[in-house]
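These protein sequences, in sequence, are chains A and B.
Under this note's numbering, residues 1 to 468 are what the first sequence spells out, in order.
Under this note's numbering, residues 1001 to 1414 are what the second sequence spells out, in order.
Don't take each hint at face value.
Said to hold, decoys possible - Where chain A lies over chain B, by a calculated footprint (3+ residues, C-beta under 8 Å):
| no. | segment |
| --- | --- |
| 1 | 1161 to 1173 |
| 2 | 1294 to 1300 |
| 3 | 1309 to 1323 |
Simulated from the structure, these hints should not be mistaken for laboratory data.
Glycine is no exception: its CB is placed at the ideal position from the N, C-alpha and C atoms.
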Amino acid sequence: MKRALLKSIALITVMAIGACGDKAEIPAEINLPDKNPYPSTYQIPESPAFVLIGANILTGDGAELTNTDLLIENGKIVDIGTALEIKPDTIKVDAKGKWVTPGLIDVHSHMGVYPAPSTSNHSDGNEMTSPVTAEVWAEHSVWPGDPQFEKALAGGVTTVQILPGSGNLIGGRGVTLKNIPARTVQGMKFPGAPYSLKMACGENPKRVYGSRNTLPSTRMGNMAGYRKAWIQATEYKRSWDDYVSDAQAGEDVDQPSRNLRLETLAGVLEGDIRIHNHCYKADEMAQMIDMSKEFGYEIAAFHHAVEAYKVAPMLAKEGICGVMWADWWGFKQEAFDMVRENIALVDYAQACAVIHSDDPIQGQRLNQEIAKAMSAGNRMGLNIDAAKAITWGTINAAKSLGLDNQIGSLAAGKNADIVLWTKHPLSIYSLAQKVWIDGNLRFDRFDKSVQPTSDFNLGIISAEGARP
Amino acid sequence: MKNISLFIILLYAFTSASASSILIKGADIYSATGLLPKSNLYIKDGEITAIGRNTPMSADLEVNGNGMSITAGLFNASTHIGTVEVSAISPTVDFYSENESVTAALRIADAFNPRSTLIPHNRVHGLTHALLVPVSGTNLFSGQVGLVQLGNQPKVIHDSLAMALDFTESGIRLAGNSRAAALVQLRQALDDAKDFSRNRAAAMAGDHRDYVLSYADLAALESVVNGDKPLLVKTHRASDITTILALAKEFQLQLILSGAIEGWMVADEIAKAGIPVIMDPIHNLPNSYESLGARLDNAKLLADAGVTLLFTGMGGSDTHNAYLVKQSAGNAVANGLPKSVAIAAMTSNPAKLFGAKVSGDIAVGAIADLVLWGGDPLELTSEAQLVLINGEVIPMESRSFQLRDRYFKRLKKD
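Bound-form chain B, shown alone (with noise of 0.2 Å):
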């Protein structure tokens, strides 16, 4: 657990690094098609060109990566990342809409601020990617999911991969406080949409009937109801996620589900069906009674029926500590995970299913985005020590560390 007096020394030499070409020397490379135990990697212009015996021997920069590992960059999917500086103050917070006529319509990207303090704290310590989920302010439809880059300049890769929706006992109360009734919306919004779709001119001429939603709502949920843009539920009662998967088969929707903290007890419904669950593995207590059956082998359990899942994390650091998704991976590793699936889930799985340019694998002609850590992966003793994004490394600097610095100097000569 010491790989302490190397580690500042990488610290400095990658904070002002531009080199053209970059060798590890013999760290363990977790990829998505396995350990490769003390390998060498090399980045030539922000590419992986060679894993393994046939690297060139020298670079630019090298490193000994002796004791350390290396994955793909982590990919939290789940956050507000950039569209919150601080939680309580609401003019910063934009992740929700609070105006009953903009649910489905709302783009969470639109809101995103590549200048918050909360990207450089997120990406020194290995977050690469995040999707951005909006959450339900008036209504069971929350807006739409957009995927982040957080590298040197952070970016929208795609401002609407899924349309979001809650069903969980927030995203129903908003919905008449009843399970029945925000079925009862939620199908009249799908055959709206349907309708609205169909009859699109007459209805923007104003010569089709009345909708409940907004048109900017309802033709935001067309590609929606014509299969082409997954759906994004969020639920955890194992009876409300049969519900749904009942639900998306009858409009025939794209389903990912989001939560399902009593998936497990659903495991092979959900299996059955091909949906991808984005969950946090970190959750075993009845918080509510729509999580009675919280326990910390979900994860394993959903694995173990063949349900491809996407990690966040943990317990709600959704925002400013959304690098932690790790924790909760590590945790569901402690609680009988493989720790290659677990790896998958925050790097390969989400990338894979929302694509987009992100590889999410450490594979010969991706581009780097990748961590070093100074150990085993998923130790929390194991720090970010080289972070690349999109084939550049990122400086190790973040206001918290430069309130660190400071104070540590004043700290030393008192």
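Extracted from the complex, chain A is given alone in its bound form (with noise of 0.2 Å):
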């Protein structure tokens, strides 16, 4: 038998279990790929223990308390309520007539990727040499310095998915980071948060190999060209599977080469890695969604998705999120048909409903995307009220990243990512004042030293690098 590098046992282990489930567990002696070469080096700094006293919170899973009381200790929330257990080295915070929020999560974002300035020296979001790439990863092209992370963090989003871009069928990985400053891309990874694969339906890879007369020109070559990808990684995920079988029966068997492309590809139809995939029109996101079922693996959400109250019932009943922005279209032919209710709308079917901002000005002020997406569907008689409103950017949206058992609401056990206002939330007035990550204060609108500046500010505008 062929031996690659030896990883410790317990890696090994830890790895089978993720990769075969119920399967009989896998002797050490066979060694597979590493899922996870680059870990995340995030540790939750130590805090001390505080509560939030007497605000409004809006709880991010559908529920408007008043004048209640948030503990946080140890990164976690302990308690939500009224007259709460304090000890007495708890830190009070008075939060009195204060709006207070989960931490906005953001599932569609490109910082660190096409970072700001939009230099062509940064601009590695879109690997469009190939129209599959599957084997390219997010994180390796974010620069975690990109000034644009601490402007959306001062806007109270502390999760945000980067993706890469949409110009090929299948783009690579994304990530998911927490929005804190950090040196590495490492030590901002959300420690275990699944892997995404992006996809892309429509217009863009068409026209990107389309232009170079290549596969794929027309949206029936997007679909001849995702079905290959499938098939071959159907086949590259039988090899490994026979081979952890034949090995595990005792028989001499070579280890199957890797293929990077493909070792992704086979992590969907593991159910390790979640499609976000990026699809405007309601047609596309029914052959999408027949493909899924043809090749055995789920999408986690459509992105845009801006004709998905076209398709609303098929969205719920497929568990399937849509993730829109409030209001932009006519960019292109496939953005034409965009409706200001449409985030309402899905909700209204009961489907999964997220605010993305795939911008980064938008990225700073999710709440305001939210409050008009709101007023749209109020506009038409709907009745969303922000307490409802607010989970388009919060429990829904962490739901599609699959980390809604971690974050997303403001409940016992969840992480404490909270946002305090300085008006209601939905206010276009309203501004993030103190934005906590796991516990820990990550910015403070009236304290300088908990305002976070890249090292690309320092000395451009001020030698702080202070930048409202």
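Quick one: dock chain against chain with the hints and give me the complex.
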């Protein structure tokens, strides 16, 4: 048997469980590729216990609580309610009359891969050299010093999914980051967050490759391109499954050769990697769903989904999130049928409705984007309140990332990702005043020592790099 | 933040309104001279004839404006509305020239399509007027700036209010990719335009020296070099702004600045020169090396220095969602700009600067170009409930509303 690099027994065992689920445990001498070769180095800094007193809370999962206390210890929410039992050394933060929400989650961001300044040397989000580049990982392009991150933080965004662009049919892996200042992307990676894979329907891939006279130049070419990739991935997965089962049976078998592209696609087929699919049009979403059934994988979310309102019951039935803007339209034909009520209507159909930015300006004010989407729904009489609307940037967003057991709502046991707002969070005049991630104060509008600034900013506007 | 039930009623009430008199009762009125809280507004045959206590107490159409507000119609001072339908479909895009011999002569208003789907979509959300500013395709000069009104019969009010010039990095790239080279071309063009103006007949007869620009472009520049028409220069970097201010002084040009992301750094210079600035107050990212100084209180700092502001936005929404200038304005207020200044920057300031039958104000005697908002005018949850343009009530209809209604019907059945 060919021996690949030996890893620690413990690691291999963990990976084997991840890979095979209910299969018998894989003997230690079988080497499988490391599923987490670039692990998160993020550690929750120690911080004292604190309690927010008397806040108006939008819980992030649909409720509004007035004059409520929120207790945080060791980075977690311990209790929420009134008359909480509080230890004497717990720091009290007066939040009387202030509004509190969970940290906002932007599930479609290109911060770090398309940073500011947006110069060609930093343009690292679209590997447009082949229509299927499942082998590339967005995290390998992320510049942690991108000054956009701190601005999103100042807008109350605590978790971001960084995706590759949509020039390719299959663009590569996305990564979920905690929005904290770090020198390495590993320092920002959300520990244990599932990987995602970016796919793209429609105009972009067929334009990019059609203009080079290669497949795909049409929507049918798009479909052929994805299917070809999934057929290869299915075969690749089988070769590794066979290897494992033969080895387990005691046969002397050679390990298959690794193929980075197919390894990621096989990860999707195994259910480890979540599909985040750029797809505007209703008809194309239906094709993508059929294809997922043809090859046996699930789609976590359709992004942009400008026509989601046309097929909202289908999204509800399939359990797929619609990840949408409040109002973007008309920049392409596939974005022509926009309705401002899109998010509200997807929610009305009881599908998972999510706001996203895909934009560094709107990514600083997801609360405003939510306000617009809510207002559009209310204009047509859907009676959506703020407690409901905020879920589009909190628990629903967390669901699309597979992290709703950790973030997205203010409830006991959840990570203490919290925003204290200067006014009602859906007001245009509201600003994030304090932002905590895992119970650590990461931004304070009124304390310069808690306003992170990128190395890039130093000495540009002011000596200390302040950029209101 | 909830004016919902009332709102639905209003929506339908106004859809087919053809009232000759309208009374709005008890709304907060944001006029250019100040806020009139809980006041009445009376419109007769499209004209505002009374405000405050002395309005007639009945009208063909009466609206309870309690908790609502009235502003002049929104005026976005940098758009391409009506000159693009789908941005990625180039035959629908008319706001720039790819022909090197058509630069200053291009009049974007010539391409204005009053039947564009963008117009109803924007006016139902309160946008009543827009400046059409062409974009540079081959040369520093982008073309001539137009002004359109988006009423029931959308129309061009003025087809050449100013000459647009792009002195940002993208314009400079078209002019030798060096600021210094761009300046040489700019000076040469201005000198040539002066020379052409003095020797027009001879030049047209072929009895004069050669020019780089076409005769049509030079003719278009005549009024600029003669100081009759403003040069509207888009530029961001503080040092570039200073350069353009000096150039305008040297050539005795009327100047309007646009962009000015680093304007706050030279706010006093701009104020001293009395130059108005068209800007989007939303920018705070160092997106390029010409905008390293971007910050959210740019508008506030410029206004504090005494600069007249005209707003556009938000964040490049200068076509399909040009009405979102209101969101940019709201963010400027959240970052320190007085609310009255923000509202003026998207109503009365552009109206005053570009004149031409737009009052941009809520005043007795003015033609009604106004919006009744469901609450505070800048809140995103305050929907436009009633929009009047040129004295006429705008039907709350758009392609987007039709799509919504079609699919909501299906959703209710499912």
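Right, here's what the structure says about each hint:
no., hint, result
1, 1161 to 1173, "violated (count 0)"
2, 1294 to 1300, "holds (count 4)"
3, 1309 to 1323, "holds (count 5)"
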